[in-house]
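S.K.: For the protein sequence lines, the chains are A and B, in the order given. Residue numbering for the first sequence follows my numbering, starting at 1 and increasing by one per position. Residue numbering for the second sequence follows my numbering, starting at 1001 and increasing by one per position.
No lab work stands behind these hints, which were simulated from the structure alone. Some hints here could point you the wrong way.
As the list claims (entries may be wrong) - Partial pick of chain B residues on the chain A-facing surface, computed with a CB cut under 7 Å:
1. Phe1095
2. His1097
3. Gly1107
Since the model is a prediction, treat every value here as computed from it, not as a measurement. Don't be surprised by glycine CBs; every beta carbon is placed ideally from N, CA and C.
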Amino acid sequence: MIRRETLQAWALILPALVLLVAFTHWPAVTTVLDSFYSTPKGSRPQRFVGVDNYAALWDDVVFWKAFWNNLWYALATIPASVILALAMALAVNTALPGRPLVRMAYFTPTMLPMIAVANIWLFFFTPDYGLFDHVLSLFGGARHNWLGEPATALPAMMVVAVWKEAGFFMIFYLAALQAMPPDLQEASNLEGGSRWYFFRRVTLPLLMPTTLFVLVNAVINAFRVVDHVVVMTRGGPNNATNLLLYYIYEMGFRFWDTSMAATLTVVLLVMLGALAWLQFGVFGKRVHYR
Amino acid sequence: MMADMHDQRGEVRLTGVTRSWGETTALAGVSLTVRAGTFCVLLGPSGCGKTTCLRIVAGLDQANGGRVEIGGRDVTALPPAARGVAMVFQSYALFPHLSVAENIIFGLKARSVAPTERAKRLDRAVEILGIGHLLTRRPGQLSGGQQQRVALGRAIVAEASVCLMDEPLSNLDAQLRAEMRREILALQRRLGMTMLYVTHDQTEAMGMADQVVLLRAGRIEQDAPPAEMYAKPATSFVASFIGTPPMNLLALDGDRIRGTDFVVPGAGGLLGIRPEALRVSDAGLPARVISAEYLGADTVVACMVGDGRVLARLPGKVDLPAGAAIHLSHNRADLHLFDATSGLARPMQL
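Excised from the complex, chain B in its bound form (with noise of 0.2 Å):
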């Protein structure tokens, strides 16, 4: 019953939520919900609606129409701070003239919390985030990675059921940003609270999530697990975003693909296969190789198949000289078949 009670605290559902500024639509129509305590990221490239998605559950712009509610209470009206959610900014948002211990406890100041809590949750969140030899100084005086702690810290004293992140790891370098990662997950999963969090770096969002969110234009091109949207993408678009390095996707006409005589179970549309699905061998796709990338574990080819051109992901350090004419073959399963007009996922003809 407890454990009911804490679970509904922190849902977060989106109904029909459209938003647009004149000419442009930022939303057309998302709709989600975010069960308690689950990571959920907002994906998508640049422009697709992500961050006025989250702005728009943190209450910092309105939607045009929909509903917004948050642990089962419509706070589509509500201002940002009768929400109860706490949000990490990209730039972090400190204030600059602000020691970071007076950071950390802005918010708690602000609402009058007894000065014994506001120590006693300060010292949790430092302890959390093992800033303690940092609390006199000034924002300006640390490293990225400690500005981005401290607005987690802050974050964690608000004791929020739900947590915001907009990018927030996208002002730091690529080390640190696997390791802010890291921290991140399990602080969210530590913490038990409901994580919202934008990126346009699918990598951050397979790592991660417990549910992925591909936005695209204002829509949400599929809304699944990581393992499901690598999978079975729902689009042509989910594809050819998810993966490094993404699907490949070749045009076909008829039953084969465009530019070759080879067959393929399924008619017209779009053929999809993933880089790490190909293997060189003696029979399959025919192909000629246009360049070779060696990147340590694997090495990425890039070949032309036809008309269209694939990565094909392999094992190790392959020597493949440009122009090389090579066969590439794969696994049934690991076919996937788009509509050609509308990018939706077709079965297989089998």
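Pulled out of the complex, with its shape left as it was, chain A reads as follows (with noise of 0.2 Å):
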């Protein structure tokens, strides 16, 4: 006989197994499933199509164009974000007047949504009468089209990306250095510690775990947020900003290839696995934890 208090435990949680099951783990399961078989038709029903769906990622194009796109865009953005984000903490934890305002300012960027914030970076990037081009031509610089550019307009995303995620990362790093006892830096002063030997010695290797949880952040981020590439490029020009997850939403819900899109999620999914992966199981040994 099951026992009351089993049968009220699974009342409790069945709310959230109700939701997590329907929009979570089996659209996960779903779609690994869907990977393997073709996309349905009106006229012809799904099938079961093996790796073929692989097969035809592997010679397709603009997959490899957004895959090394984005590889382009974890390398630069990551670490840009990261450094700055620390260098940005360290400015804000001394002691400066208008301390908070600048700690504000620094965490805007992370309050704002990414739509309004690629908005803004719409109007900076015109041709002509945007920020960049009127601070430019006050120097006599000519006329560019930044995102319009295939040369530009990736390392413009890159900008974007960078500023939007600094001030965030900044606030992990802000929290870490604050909780840091001031007498580590006292007793580093009296034993003749320069600051920079104090920062190489004590500060960074302190800051390690809150690095690693940053750049976990940093890398999923890299993968996952592409709402600026909607708003302002669309993926091109000529697929010179198309990152995977946008590849996804257009082969899924542009193009109506779920099967492909399927195909797509699952590549992406294992990149962030192992990923993930490499950082806690290399990294994550290399670092103290208190």
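Combine the two chains into a complex, taking the hints into account.
M.R.: As structure tokens, then:
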């Protein structure tokens, strides 16, 4: 006989269970399954195709373009935003006038929705009368179509991402810095340690748990946040700013090729999983947790 | 001649040092001299300015006024690293991610001391402190007493002539505290460094110091060797701070203890007498017992004398029921007289 409490327990977790299964677990499972089937069309029902979808993806030039774009995008934005975040946190951790104001200013990009951010930057990048061209024209600069040129479009998206991310990561670094006992710095001062020596030998190692956390988030965001692509370039020009997740969206909801979208999703998940495993497995061992 | 030069090196002298934060005054003109190679304890209740005083000597805080000299050199404006002092923090301030060995030689690496010299100094410190088996551990894997030793190790390898300690034993349990007290004192004697030691525990001060500086509200109440501070407290505050339990202070009405007909030599102010100077006898100060606390070697009896409360420390186990009427006798030489308003010690009218 099932005990009363057991039934009650199940009843209590039922709402959460239903929601999780319906919107998380079941879609995840069907996504993996769908990647081995063809896309159902009006005349042709869905059928099992094995790894045909993966083979098609391998031969898809746009996929490879999006893949490399995303790789460069990650390699540029992650270190830039993390280093900038650390620098900003160190700057606002010292006693300076108007410190709360500066902290808030750094954090503002994080509070803005990415759609709003993208629209602001759309104006900054506008040829001729946008902020950048306007400032450059004062120094005799020429006209730039920042988002229209394949050479500058992806770097322009990277700048937006770094601007958006750095303030968010700064908060974590700032919290970690504030949790560091001030007498460590004092002890180092007494022992003749320069500011750089203290930073290198003490601050940086003690920030490693934060850095690992920030890095994991930065990697995920580099593959996850594509809102600005939707607003600013729609992957163009000529797929110069097409990123993997945006390509999944295009595949799934513009071309309605749901099987290929599912295949892409699985590939992206495997990539992210491998990266997370690498970060925690290799990097995590060298992190000192207090 | 060599000895003189060495003596000069570790002398610490403060002249009119003041420090305030806005309205609050931490130090109101502190002047003191600590001779080289001596053990000086800065003693006082919390908030008396003793830690501020130590931090100003270290250079971690800047004085608003006055001079700090170390080894005859004016260091008032120098950064901490240039002052030639080592410091043991209350929290030990060990770097949690570095091994014990790395913690100890942290400063030597910062100052680019040659590796062979580093190893030599580390070996010596490790041998003195007996922590050879801990060198590869991290501070988090050590007990409080072991962490304390590592912090001491860092001070030893610096080979500074002056060592500053900020309540170094406050995080240890009572038994370990007594052990470390002896160890620190032995260390100071062996290395011959000048020690400036901050504590609020008067037993530490009495047991370790060559010189005790008792601070109260940013001012020096008395600067004297422990025995003198015990025997001749300069103020009623010193009297009520030193001793276990501290000196009894009774208000006087004219030449009588308030609420009694007991006549004392001296009029007005406060009469002081140490608990251990009182004995139970047939005649003397009439008292009524409130309670008796048996401590093993002796019993501390609390009584009412007139309107005032008096503690008497009597040897052995003394059975006195609450409410019992007794008489407490004493020697005249054990009486102290203090001014009622200024608190300063006054000579007895013998």
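S.K.: State for each hint whether it applies.
M.R.: These are the hints, each one checked on the structure:
1. Taking 7 Å as the C-beta contact cut-off toward chain A, the hint placing Phe1095(B) at the interface holds, the least distance being around 6 Å.
2. At about 4 Å, the closest approach between the beta carbon of His1097(B) and any beta carbon in chain A falls short of 7 Å, and the interface hint on this residue holds.
3. Here the hint on Gly1107(B) is kept, as its CB sits about 3 Å from the closest CB of chain A, short of 7 Å.
Every hint from the earlier list agrees with this structure, and none is contradicted.
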